[in-house]
Amino acid sequence: MTATVHRIPKKREEEPRAGQLSAFDFFGDDARLVDAIRSGHPGAPAAFFDRYGAYVERLLVRVLGPDQEIADLLHEVFAEALDHIHKLENKEALRGWLTRITVFAARGCIRRRSRRRWLRFMAPEEVPDVQAVPTCHDARDLLARAFRILDTLPADERIAFSLRFIDDMTLPEAADACGTSLATFKRRLRRAQDAFQEAAAKDPALRERLRHDHEEEEA
Amino acid sequence: MKSLESLGRTLREAEDELLLDSSRRADVRSRLLARPPRSRRSAAKPALALALGLAVAAAVVSMVRRERPLEYTVGGRPESAGLIVTRERPSTLAFSDGSTIRLAPSSRARVTNLDADGAHVNVEDGAASLQVTHREHTDWTVHAGPFVVHVVGTAFDVAWDDTGAVFELHVREGSVSAEGPRLARRLVRAGERVHIELTPAARTELRAAVVQATQPTAPAAPEPAVPRRERTLRATAPVTETTPIISFSPPSAPTLPSWMELAAAGQPREAWAAAEAIGIDALLARLGADELLRLADLARRVGDSRASRIYRVIRERFPSTPAAGSAAFLLARLDAQGGDLSSAARGLELYLDEQPRGRYRREALGRLVEVRVARGQRGEAEAAARRYLELHPDGPHAELARRVLGAP
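So the protein lines, in turn, are chains H and L. Under the numbering used here, think of the first position of the first sequence as 1, with each following residue one higher. Under the numbering used here, think of the first position of the second sequence as 220, with each following residue one higher.
To be clear, the hints were calculated from the coordinates, so they are not data collected in a lab. Since we're looking at a predicted model, the values are computed, not measured. Every residue, glycine too, gets a C-beta built ideally from N, C-alpha and C. Honestly, I wouldn't trust all of these hints.
Said to hold, decoys possible - Straight-line distance between alpha carbons at most 27 Å, and here's what the computed DSS-like set of lysine-lysine pairs gives:
{"no.": "1", "chain 1": "H", "residue 1": "Lys186", "chain 2": "H", "residue 2": "Lys202"}
{"no.": "2", "chain 1": "L", "residue 1": "Lys221", "chain 2": "H", "residue 2": "Lys186"}
{"no.": "3", "chain 1": "H", "residue 1": "Lys202", "chain 2": "L", "residue 2": "Lys221"}
Claimed, not checked - Some chain H residues judged to face chain L by a derived CB distance under 10 Å, without partners named:
{"no.": "4", "residue": "Asp67"}
{"no.": "5", "residue": "Leu88"}
{"no.": "6", "residue": "Asn90"}
{"no.": "7", "residue": "Glu92"}
{"no.": "8", "residue": "Ala146"}
{"no.": "9", "residue": "Pro204"}
Unchecked claim - Here are the in silico distance ranges between beta carbons for each label pair:
{"no.": "10", "chain 1": "L", "residue 1": "Gly485", "chain 2": "H", "residue 2": "Gln197", "range": "41 to 47 Å"}
{"no.": "11", "chain 1": "H", "residue 1": "Arg113", "chain 2": "L", "residue 2": "Leu610", "range": "44 to 50 Å"}
{"no.": "12", "chain 1": "L", "residue 1": "Leu610", "chain 2": "H", "residue 2": "Ser39", "range": "29 to 35 Å"}
{"no.": "13", "chain 1": "L", "residue 1": "Thr360", "chain 2": "H", "residue 2": "Ala93", "range": "45 to 51 Å"}
Between the sequences and the hints, there should be enough to build the whole structure, so can you do that?
Structure representation (structure tokens):
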């Protein structure tokens, strides 16, 4: 089966610019895309990145939060996927397979950091400061506070929490992304949820936010 | 549980603002496509590990030796080095040495380094006003696209339009030194203003120069750059192939986006006229994604055919963002209205692929059923109908979807 690649004449003569759409778009389905990559079609890796780059990046950000390594991890995920695409058995399951690679890469990043945390100097802005209670808790503030807590959780529990509550995956989707059974995933999620809520109760901004949501829910 | 889901939604929205900018994502893409075969890469790993080790060691030594680095806050909140993006309102970065950076609306800047003597700031797109406090060893560096401004204590405005490749510098107090393509390092004093607009050819050469990492001298400009917005400068500062355009005119007052106010006030025709007075091309180059979506909506409302172009520009300038996804959907809707069903179908599929949980998902799925039916693509129409009913069994297109599938 050959890949369907539609060229857009208008773009052909232009110099590719940073951030511009690719010189061509690939409209075949995932199975065709996998075939194209495996057969060495010159445009297939670019089409693969264009199709799933944003998705993988978002997933990495969901799990890791604001992070300087996102670009490197994004590269790592696609390099890994391109190197091992011959191992993908169900070509139509490309997205799920890529999701698992992404989660695995994020987990590796979290674990690497845990291991080397002992030699890091803690920057002043990372020192928890429960005394300073800002009057207005905007989204970025909450994000920083939430990830300060998530940083303390075991990698698998943190990932479970992020996929379920931040990325909004369903339980079966998230379990599949982690490569675990639904039961195992639920156990991890329960532990993560308990630990997060316990820590959030000590953080004024998160406590206020969760209480507000809870009251709205009750009302 | 619901409260965690609600919190998660808020975190998700905050994270979406922190996604990679288009140029960094394009870098990843280029790196990926240019990477050598696997066997060669594995050989490079020990060297990479050694280099990383040395870098970490150097960073540790540097941290121990240095004095306490500058700190800064944004809106009163402490921040570490990172990206700051403004949308409709400006944002002020206040540094611990008393310096401030006011980032204009629709701008993007990154604090890349903080040390005891100053900061490295990269204005990736948009404009910033800086007031740098002079101290004994003050050393600030501001990058604006390919241009670099060295500062020892002064007040100035700097701007880089990433799309139009336009650099602007206006020194209000003291002096700075600036350098970049077509601008050999030179002192720019209070009241002086530098405006450089790179031609497409010069930009191509610039990219080539960056890739090849050649000497820092600027490539010969094949075409003198003529600024669109400052034509009067030609009389006072004739442009030659080697001279950057430097004017001594006073800075113009910042203009308010009155077209937005008029649009918000329910006066679309007046708003569009105001936008045209600024120049649609200029707006396309400098507005942020959300503002461009508003501009496109305005064009659509007044029936101006440039709406499609604006959506395409959004996709080019802000790829892989929710705004780009919205643009794909809205463009597809225009295509469908214009009878270009093939493009409409492609755009809808693209939207659903890029934003599988986007705000227009239900509408996009429904319109996809319509478009497939209109094109007589029975198989695709049935697939679209099944997809629609699976996700939105009670949606507005559910009846059509059931008819397509022959269900009651």
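Structure-based check of all given hints:
no. : hint                             : verdict
1   : H/Lys186 to H/Lys202             : holds (25 Å)
2   : L/Lys221 to H/Lys186             : holds (16 Å)
3   : H/Lys202 to L/Lys221             : holds (19 Å)
4   : Asp67                            : holds (9 Å)
5   : Leu88                            : violated (17 Å)
6   : Asn90                            : violated (18 Å)
7   : Glu92                            : violated (13 Å)
8   : Ala146                           : holds (6 Å)
9   : Pro204                           : violated (14 Å)
10  : L/Gly485 to H/Gln197: 41 to 47 Å : holds (46 Å)
11  : H/Arg113 to L/Leu610: 44 to 50 Å : violated (38 Å)
12  : L/Leu610 to H/Ser39: 29 to 35 Å  : holds (33 Å)
13  : L/Thr360 to H/Ala93: 45 to 51 Å  : holds (48 Å)
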